[in-house]
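Visitor: These protein sequence lines are chains D and X, in that order.
At position 210 of the first sequence the residue is numbered 210 (our numbering), and the sequence of numbers has no breaks.
For any residue, its number in our numbering is found by taking its place in the second sequence, counting from 1, and adding 1000.
Do not rely on the hints blindly, as some may be mistaken.
Claimed, not checked - Distance windows between CB atoms, simulated:
no.: 1; chain 1: X; residue 1: T1223; chain 2: D; residue 2: T174; range: 49 to 59 Å
no.: 2; chain 1: D; residue 1: F287; chain 2: X; residue 2: R1350; range: 32 to 42 Å
no.: 3; chain 1: D; residue 1: N97; chain 2: X; residue 2: T1140; range: 21 to 31 Å
Simulated from the structure, these hints should not be mistaken for laboratory data.
Even glycine gets a Cβ: it sits at the ideal position worked out from N, Cα and C.
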Amino acid sequence: MKQDNLSAEMTSGGFFSDFCRAVTKGDLFVKLSMLWMGAGYARRKQYIKAALMTLFEIAVIVFTVQFAMEYVPKFGGLGSVMPEKTFNIETMKNEFNDYDNSFQILLFSLFSFVVWITAAAVWMYNMVSVYRLQLMEEAGVRIRTFKEDLISFKEEKFHITLLALPVLGVVIFTVVPILLLILVAFTNYDQNHMPPGGLFTWVGFQNFISLFGGGGLTVSFGYAFVRVLGWTLVWAFFATITTYIGGIVLSLLLNSKKTRAPRLWRTLFIATIAVPQFVSLLLVRNFFANGGIVNTICANIGLTDFLRNIGLVSTSYIPFLSAPGWAHVMIILINIWIGVPYQMLIATGVLMNLPTEQLESARVDGANKFQIFQKITMPYMLFVTGPALVTDFVKNINNFNVIYLLTENVYTTTNQVMANSQAKEVDLLVTWLFRLTQDYYNYKMASAIGIIVFIICAVFTLIAFNRMIKGDKEGTYQ
Amino acid sequence: MKFKKIPAAALAVVTAAGLAACGGSSSGADDAVGIRVWGAEDDQALLSELIAGFEAQYPDVDFDIQLGVESESTAKDTILTDVEAAADVFAFASDQIYDLVNAGALADLQNYEEAFERYPGKTLDEIEAANSESSVAAATVNDTFYAFPMAGDNSYFLYYDSSVISEEDAGSWDTILEAAQTAGKKAGMVFSSGWYNAAFFYGAGFMTDLNPDGTTAMDWNGTSPEGYTGVQVVQSMLDIAGHPAFMSIADGDTANQIASGNLCAIVSGSWDAQAAQTAFGDGYAAARLPDFTIDGTSVPMKSAFGYKFIGVNEYSENIGWAVLLAEYLTNEESQIRRFEARQIGPTNLRAVATDEVQANYAIAAVIAQSEYSVIQKAGGKYWDPVQSFGEIIAQGALDRNDPAAIQTSLDALVEGVTAAIE
């Protein structure tokens, strides 16, 4: 009972006010904990915890002195010492000076910051914790032993035990790399400033200014960016909508009582999923190449000549995947073939769970099939698959496979301004970004584009989800 | 309460960091000379044979030489991802040398002159003199010799079917296209690639060059020293591209198109020798690139000539031995072995002079072509704009009778190619 009151008192004001209270109202040993993290525990005879906190403090100090101090002081300029070497004929080795590597400085400084922030949080938590021990002692509450504390991690605090590893993984493998990429967008890390041979440094918002057409030398970058962004959005919209509607129509057809052997058809469509995308897409790319089999057939049956006569085609072949317009439409069509089976599976699942009583009553009321589809099936589908639709849209914004596999080495832009920025009309932001890093080592622009893609996806997802979840639509279908 | 999980996470982070910090200082104490070598997949057997030969030459040294697979055409991309983690000795195509030098990844071989003199007893001058002058020039950037020439057959020339096109007709685009049309066949070339289509401009006396800052210099929108304008070259290219018997081929699609049987002539390189031989049968023949016509004058095309090099990583730990190994892998004996095993044309002059090399059909055409060739010097910004420009010509999107539009397009091309690296 007393303990509950105590917890209520302690957790009432939030973490920071708790910390302030601990600093101001704590006794000598609590205050001493600010310097020696084990002090408060030692005073309450929690010797194992005291030792652990002391060890932690030593580890952080050793880390700071031995590791962080080598990199963090150079963080402001990202290094200044270029590599120099002399060849030693006796050892047959080069003797290098202690040169700076901008990328290492950036990475390890960032890592140090993460460690320090964590250490600061632990330090503050430690203060709160030892002050609480003081209060407990003053109130005469029994303080739990270390063993009991440990046991609590598999009892009431089991969620902490479970989450420790995932949190650690997320910090090291997700948070640090993302922060690193964000930082790169504010440097001039590119082909001319590539470690270890060269150094890069901070340039502020210069890359974003160039991206939006503000930079003197990169006028074409802004031009290309707007067009690539436009096609990315158009593509994401059509790729999502076409496969979504196609999937529903297909599953309605398969679910219809008049369809014979629905399982056979379903299996056939799912076979498309079973074949790896890069195999099927590369094959399709070859079918539709300028000298590919489809073009040969079209030429033989006279379709090519017909299109030439009506002025749709100016070349001796049909540029299915090699001219703007043609390629855009073809890519969306091919994507329908690739994407519809997935949507069909989802739609089949949803259709099987349609509330039958609503369908029955609609039928009794004399609604025809289209009305049922329009008023019941479709709204229900949209309600259930809405979030998936949003995810699909975002996925399609970053749909690297389809675009890259279908157009790489096939599509050559004839727009010289686009070519001057290494972009093509059929590029998505991600494929453009891929080429900039892979072929041109333009890491800074790639990072800047990456941030923009992230912002677009985040904003869209937030708005869409908010709209969808807002209002109590759920009740409608219960 | 939610801050409770932080101590555990923090401890683990700090422990990990501590381990990482300590890991750096514990270097291996064994004194074997470790060298990692990257070569093409097809070269692995040959390379391990040559490496064994190298180890046998220095029995006193304990070598630990590891061989890995890395295609010569993608070596640059892999190396520049992390130079310090890349192989010590690697094979690469000559067009990558500028990016590699620019990134400081290639060792300046002059620094290791002492090692050559002490061990194989050669001077760098002797090594340079043993190879063809143009291959050494291609391996030299800003007056610095950066890599050892290994092979010299990376260029394109003309394959033709002599049953359709006579040897005489194969000398000029006009006659080739005429003969092809008569036979109902096509003559093909890759127009949408800065490696192929530059042959017209180089032939007319234009150039590309690499500036010390990594940007590309280009004069195609002006007038060449020979007095031809860029517009005239484009007009000639448009004439060829617009001919009904001409077929523009996508880069990388040449072998398919040869196999389709529609072609009677194609501009390609030694990698298509097999395909051409199969498709043309008894008529199989090869020659240097045909001439093209500017304003009634016949002008020879000049191909972009490429080599294969072996370079040494600037950050190699045992760089002295790495340099010696790279030299060994490209010396006269190794080049002869490479030709015997892989039919790859050598750059070593004494190896070139052997009867076996001289008798090879495709390599003979390359050697004929090498008299009409340039070493293409261009930076990263060169490729996309020139590819795009070639495609515009191939599609006939420019009108030969509208010189102003052609000039505008050329200006845009030069602007893109010569742009600063942003």
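Visitor: Quick one: are N97(D) and T1140(X) within 21 to 31 Å, going by C-beta?
Guide: Holds, at about 27 Å.
Visitor: Could you see if the CB distance from F287(D) to R1350(X) stays within 32 to 42 Å?
Guide: violated, 50 Å
Visitor: Just tell me: holds or violated, for the beta carbon distance of T1223(X) and T174(D) against 49 to 59 Å?
Guide: holds, 57 Å
Going through the hint list in order, the structure does not satisfy hint 2, though it satisfies all others.
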